[in-house]
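Enquirer: Here is how the chains run, residue by residue.
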Amino acid sequence: MRTGGWVFAVLIVFGFVWRIGAERNVRTERISGSAGDVLEDDPVGRLKVYVYELPSKYNKKLLQKDPRCLTHMFAAEIFMHRFLLSSPVRTLKPEEADWFYTPIYITCDLTPTGLPLPFKSPRMMRSAIQLISSNWPYWNRTEGADHFFVVPHDFGACFHYQEEKAIDRGILPLLQRATLVQTFGQRNHVCLNEGSITIPPYAPPQKMQTHLIPQDTPRSIFVYFRGLFYDVNNDPEGGYYARGARAAVWENFKDNPLFDISTDHPTTYYEDMQRAIFCLCPLGWAPWSPRLVEAVVFGCIPVIIADDIVLPFADAIPWEEIGVFVAEEDVPDLDTILTSIPPDVVLRKQRLLANPSMKWAMMFPQPAQPGDAFHQILNGLARKLPHDKHIYLKPGERILNWTAGPVGDLKPW
Amino acid sequence: MKLSALQQSYLNRRSNSFRSSGALDSSSDSSIKSTSAIFWLVLHGLCCLISLFLGFRFSRLVFLFLFSTSATTNLYTSPFRTASELAQTLTVHSTPIRDLEFPPGNITSMAGGSSGSSRVVVGRHGIRIRPWPHPNPVEVMRAHQIIERVQKEQRLQFGLKNPRTVIVITPTYVRTFQALHLTGVMHSLMLVPYDLVWIVIEAGGATNETASLFAKSGLRTIHIGFRQRMPNSWEGRHHLEARMRLHALRIVREKKLDGIVMFADDSNMHSMELFDEIQNVRWVGALSVGILAHSSDADETSASVIEKNEDEENPESLPVQGPACNSSNHLAGWHTFNSLPYLGKSATYIGDRGIVLPRKLEWAGFVLNSQLLWKDAEDKPEWVKDLDALTHNDEDIESPLFLLKDFSVVEPLGSCGRQILLWWLRVEARADSKFPPGWIIDPPLEITVPSKRTPWPDAPPELPSTEKVVTGVQEQIVKHSSKTRTPRSKRTRSKRKRDTKIVDTRLPVRNSEQN
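Chains as they are written, first to last, in my numbering: chain A, 3 to 415; chain B, 113 to 627.
For the record, the hints were derived by calculation from the structure and aren't laboratory data. Owing to the predicted nature of the structure, the values given are computational and were not obtained by experimental measurement. Hints should not be assumed to be uniformly reliable.
Stated by the list, open to error - From the derived model, a few chain A residues whose C-beta atoms are all more than 12 Å from chain B: (1) Gly6; (2) Ala37; (3) Arg70; (4) Ser88; (5) Ala99; (6) Arg143; (7) Gln217; (8) Thr219; (9) Arg228; (10) Asn258; (11) Ser264; (12) His267; (13) Arg385; (14) Tyr394; (15) Pro414.
To be verified - With beta-carbon atoms standing in for the labels, derived distance ranges: (16) A/Lys63 x B/Val252: 52 to 58 Å; (17) A/Asp266 x B/Asn274: 28 to 34 Å; (18) B/Ser146 x A/Leu119: 21 to 27 Å; (19) A/His267 x B/Lys517: 57 to 63 Å; (20) A/Pro369 x B/Asn441: 34 to 40 Å.
For each residue, glycine too, the CB sits at the ideal point set by N, CA and C.
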């Protein structure tokens, strides 16, 4: 009895010492989303992906023509291809594959200023699907239900940068059954299918790593934002761009010393973010932006002002606990909302952000690291397995309408 | 072609309901087909030309007068639908100040698509501005509390793991400028984020006046009186201060205070980074001290003295005392104060007209681990002498280096002396200058005199020195002494309405008490 008491006491002491020792390090908290603690899952062994061999006019030639595709925020499609080519989940035997990937760089048609033109994308996609459906039997087997495509453009597979036109077009009819891996996410929107996987936009990881500042630099900026409030080229009067939310932020808080907001392009942008407590991530022409990625990497709590937005890996990451969501109609009360957050909640959010698995999940590093965005995409695909038997069509059955869509899309590419 | 594409895209951006199938295609190389589109295009072009001519968008007014049903000047607005059928090409937009409501159209069902009803609408929205878009002070305070909490957490996580107590030793005595200097040091110490013990040694015995100065600081203070009076000469003052500091070190030893001992003279200026930097010391550290050799004479400042020696030294450089390092960042020597340029101009007596010079190495530039002073500390290094052993022999100790047998163990702090974290300054009024005790004027002043000329009833007292500098100009002396009086006479002006009486004669008596 006495020895048992001694052992118990020793264990208690040990537990205290271990806890104190653990507190010495940076305090982080485990991330568990609605899918569980899945950020650290390893997809290897849980799924097999077959990569189609497409002629280089769909991928390599586009990249050769314009290497800027590797650095803009839609570069995820290119890096995903490269990752899959050398990943252990890749299989060379399509019969045993669970998922099929089509390496098509759909947003690599850039204007001189670097913005992607989506006008030819539907035709390019159509021609790629015609190719794979005629050369391999796997498309026709399920009409694409076990295929996935990376479409990182503004409104995903709606292939337009203007929201109204994108809504009109809707998702390309041929992609209706496929799983879309896209950056755009908004609830009850045409351009977001059920079962799509939202990913973060591409932000260059090396550039962010080189701008890290010492962790003990005190965070002295309360709210930080750099970017446009009025898009004078396309929407000079305001009210259209960002649904008026960014303009409202400017008009309400330009005099507020707690808000460090302006349209400057400082060279210390990344360093400033690391000195801020809250970073605004309002919508622009599309609801997503790389600011979310930057805020997460630099430990600044993201303040998301975009109604009904679906954030990256929403089933794995509990964004409600990490960021602050502000409805667009509540923007004039943004300072009240932010200052009324209890300090403990702020500290908890910072602990969640400090979790390295959270930071890795937002990045596309070269070479791939465990837990990074590539692996989260694979995890998401693995969570959708096993495929439902209904996706397999009976021979001769056709669901997709190959002639649907605007007439211009039917022209060959 | 480009123009029509531009106009067409403009059309398409604004028109939601005008969706004849396939007519207004998104593809840029299709041409305009339907006649109604052409009609609207022509109308739009016409309106553009008229606006160009008039210089503003008159269409806004037209639609305001024709079509608005309830024009409100409400600052808050709900997102209104852009597509009422009549406002195809020329939608009324919201200015940041006013806003107009339109009868909501039936468009969301078409725009939102078939996948459920979305409350997010595409199109033009109002810019919401609240009536008083300025910060609320209560919220600002809360924000600062959040910032402070976050920074405290950051310090806990990434800052120093075991911050040591800072033991500050300040010699002082009651004089005119004491309140000024001591309050400055006190405020600096109140900002230090570490535990602090402030040992205040007062020459002439512990007085209530000094105690009242730091009573409200909230710091842990040890107020000690030193029986000797502070002499009037700078030389004597330096000696006495050294002895007072030694006395304080003995107190540290007696009480076995654990921490880092630093010497904060009451007229010095300390930066906050200093206190962070001294936490890095292991046994003995040395810092760079910026020397502000200042003359109380307004005509001749140290700058002009240095200018005369332009050939010899760099005139713009501030003299700095501290450790000198070689290229491998090890202690190689010392920068000391060169008093040669100031020969003959230096002040001898407190309140003198000359330039007040520091010693070769000031005490303020050194920090010690308090364990060096203890009688029996476990890991006291062998190069440290015992405090008791010396102090009986010679009381003429210039700097804390007396404790060391070997000077090379001193650690240079502040990136090897390159950062100046504190400044040495000696500004004092004349020893016989008068100031109200406790800086409280009691009883209230009753003479009201204009501040320009202050006929002072007392004759300026005899100076104790025989320095030729001082006995020169009588006027300058009067001016000098009147300098200390102007704050009072300014006060008398404001109390003009009160009854007047002769100024109390307690002051001269008090003055003689001081010296």
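Enquirer: Each hint should be assessed against the structure and marked as holding or not.
Expert: So, going through the hints one by one against the coordinates:
Against the 12 Å criterion, A/Gly6 stays outside the reach of chain B, whose nearest CB is about 36 Å from its own CB. Non-interface status of A/Ala37 relative to chain B is upheld: no Cβ of that chain comes within 12 Å, the nearest being about 23 Å off. Listed as outside the interface, A/Arg70 is consistent with that label: its C-beta sits roughly 22 Å from the nearest C-beta of chain B, beyond the 12 Å cut-off. Distance check for A/Ser88 against chain B: the nearest CB is about 37 Å away, which clears 12 Å, and the non-interface claim stands.
The claim that A/Ala99 lies off the interface holds: its Cβ sits roughly 30 Å from the closest Cβ of chain B, which is beyond the 12 Å cut-off. No Cβ of chain B approaches the Cβ of A/Arg143 within 12 Å, the least distance being about 27 Å, so the stated non-interface status holds. Listed as outside the interface, A/Gln217 is inconsistent with that label: its C-beta sits roughly 4 Å from the nearest C-beta of chain B, within the 12 Å cut-off. For A/Thr219, the condition that its CB be more than 12 Å from all CB atoms of chain B is violated, with the nearest at approximately 8 Å.
With a least CB separation of 20 Å from chain B, A/Arg228 remains clear of the 12 Å interface cut-off, as annotated. A cut-off of 12 Å between C-beta atoms contradicts the statement that A/Asn258 is not in contact with chain B; the least separation is 5 Å. The Cβ of A/Ser264 lies farther than 12 Å from every Cβ of chain B, with a closest approach of about 16 Å, so its non-interface assignment holds. Annotated as non-interface, A/His267 keeps its C-beta farther than 12 Å from every C-beta of chain B; the closest such distance is 24 Å.
The Cβ of A/Arg385 sits about 22 Å from the closest Cβ of chain B, beyond the 12 Å cut-off, so the non-interface label holds. Distance check on A/Tyr394: its Cβ is at least 25 Å (rounded) from any Cβ of chain B, clearing the 12 Å threshold; non-interface status holds. No beta-carbon of chain B comes within 12 Å of the beta-carbon of A/Pro414; the shortest separation is about 15 Å. Taken as a hint, the range 52 to 58 Å holds for the pair A/Lys63 and B/Val252, whose Cβ atoms sit roughly 57 Å apart.
Separated by about 41 Å at the C-beta atoms, A/Asp266 and B/Asn274 break the suggested range of 28 to 34 Å. Range check, B/Ser146 to A/Leu119: Cβ separation about 26 Å, and the 21 to 27 Å hint holds. For the pair A/His267 and B/Lys517, the supplied restraint of 57 to 63 Å holds, since their beta-carbon distance comes to about 59 Å. Here the CB-CB span from A/Pro369 to B/Asn441 is close to 38 Å, well matched to the stated 34 to 40 Å.
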